[in-house]
Amino acid sequence: MTIGQAFLEALESLSGNKLRSGLTVLGIVIGVAAVIAMLAVGRGAEASITGSISGIGTNLLFVFRGDPGDNIRNPEPLTLGDAEALRDQFAAPSVEAVAPALQGSGTVSFGGEQTMPQIFGVTPEYFQVRNYNITEGEFITEEHILGRASVVLLGPEVAEKLFGHSDGVTGETVRIEGQPFRVIGVLESKGGGSFGSQDNVVIVPFTTAQTRLIRRSTSDRVDIIFVQAVSGDVVTQASEEIAAILRTRHRTPVGADDFTIFTQQDLLSTFQSITGILTIFLGGIAGISLLVGGIGIMNIMLVSVTERTREIGLRKALGARKRDILTQFLTESSLLSLIGGMIGIAFGWLISYLVGRIAEASGTAFTPVVGIDAILLATIFSAAVGLFFGIYPASRAANLEPVEALRYE
Amino acid sequence: MSNVIETHDLAKVYKMGEVEVHALRGVSFAIQRGEVVAIMGPSGSGKSTLMNMLGCLDRPTSGEYFLDGEAVASLTDDQLADIRNRKVGFVFQSFNLLSRQTAITNVELPLRYSGANNGGRRQRAIEALKAVGLEDRMTHRPYELSGGQQQRVAIARAIVNNPAIIMADEPTGNLDSKVGQEIMNLLLNLNKEIGTTLIIVTHDPRIAEQTQRIIRLKDGLLDGDA
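Which chain is which? The protein sequence lines are A and B, in order. Per this note's numbering, the first sequence starts with residue 588, numbered consecutively. Per this note's numbering, the second sequence starts with residue 50, numbered consecutively.
Interface residues of chain B toward chain A, partial, derived using beta-carbon atoms under 7 Å:
1) Asn101
2) Asn134
3) Phe139
4) Asn145
5) Arg149
If you're looking for bench data, these hints aren't it; they were derived computationally from the structure. Note that beta-carbon positions come from the ideal geometry of N, C-alpha and C, so glycine has one too.
Given only the sequences and the hints, what does the whole structure look like? Please build it.
In structure tokens form, the structure reads like this:
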């Protein structure tokens, strides 16, 4: 018997029992749909996260006050002096630029509209370090810093909220915490990040923030220092140089740092380990579902072999060899599972499409990607499940004694 | 005349747990090509066991069996399957047709296992159906056919491979006497026209008396051969 004949016969036999076949493949459908959706959403999320992390800046390091485990009591705050020390070309040759910043939040209003964005008080280096571009106007300059100017750059989302549009707003005056600020420019959109929008911000000169918006106990205190490394290769080196400088200035021993240095790479690997865990978790669900689906197929195939004992006896009487019967039932079980796999791929595709639409509707643009490799993987895997769980029922059928099988009622 | 079937001391012992059941205790006979033979005997006489041996569905425990010149007693399962496919045509009491398949597909079934090509298969199946007078029912499924018609399809299936023997196990047992007689006539006619050896296992004396020779069994031994 050729494969083509076996295939046709299997198809006929399965379609003779549509409801049963449908229910049997359900497990495989769910398993494969989970695999497809998981891979698609995972890949989309990874692309989006990687994109938004590199959007933060290039070769960036973040320096915060306090150690990661919060074990150090009374950590010394970071100061403008610390930031100045990091600019030392000899102690920190791997550092390209340093941007100290104050970070807070407050009410920004124009006319009747108001919003609560993040407020950053920054120096001109900030724009270089954070990869910000503007769609109109100008960046904050040294003069603004020196003059403690009441000027502000608006994030596109803030501009949108206050004015209804994000162009032609330069020169307007908005109120931050009730104080008037002149708009000198609008930032270019960086898109929705996966951890808070980078567009829902307003940026003011460091000195202005220090004296009028974000008051801190000590006057030269900074909340965060952004550091740009000379190149991607020396980020680790830069991190060590920064640590050495701050340890000396804060007089802390090694291992008891009262500051934390975070690199973009750290952020990336944090997110990668999160997506990794998610992948394992969903992969586990998919695996269990495929296993359960496979057992379901085995169960139904066993029932089918019992039901068709006489048919098997007849086929053997007419000259079917063991191999013919084995082929017949293995074809049936793998076809069953393969059909489940196909439906699962369609379902998985639908799910990832819906996830993409939901993400879009909630403002996080990310596109799930259903790859050819995922489809191939799912197809091969489902056929293999059917083949594997079909072996036992099929060999039972093939080893039936023709005499007994013919006598079976 | 050559013998199409030859048995020497054919014996079969079944183990039912601890007990050994001697179904056949040494049966020797020969059947010539083209003969029509009935095998009779009360239930438990070893009639079915003998039929299974002759049809190559089972192997004897001891003794020898030659079918169309081939020694069958010691063949493997797959070799037996091949012998059945080429040399034996079965007709069963309950027809044993595949219910989802058309008449012609049912008739083609033995050819599928003998590796005949597609076109030749169809042609031979059509000829077999013509031989049983069902050329206008070829695409009907078993449930669309009467009992007699179903048995005719089964007979067409039995002769499609030009077997050396046709084994008919109570071929009229599920049919009323009129239709049963039609089936008997068909079988006897085929025997006359094609010359295929016909072996009928039956309880029914009226069927048996239409054959040329009756082999009687009792308690696993020959009880008469006339």
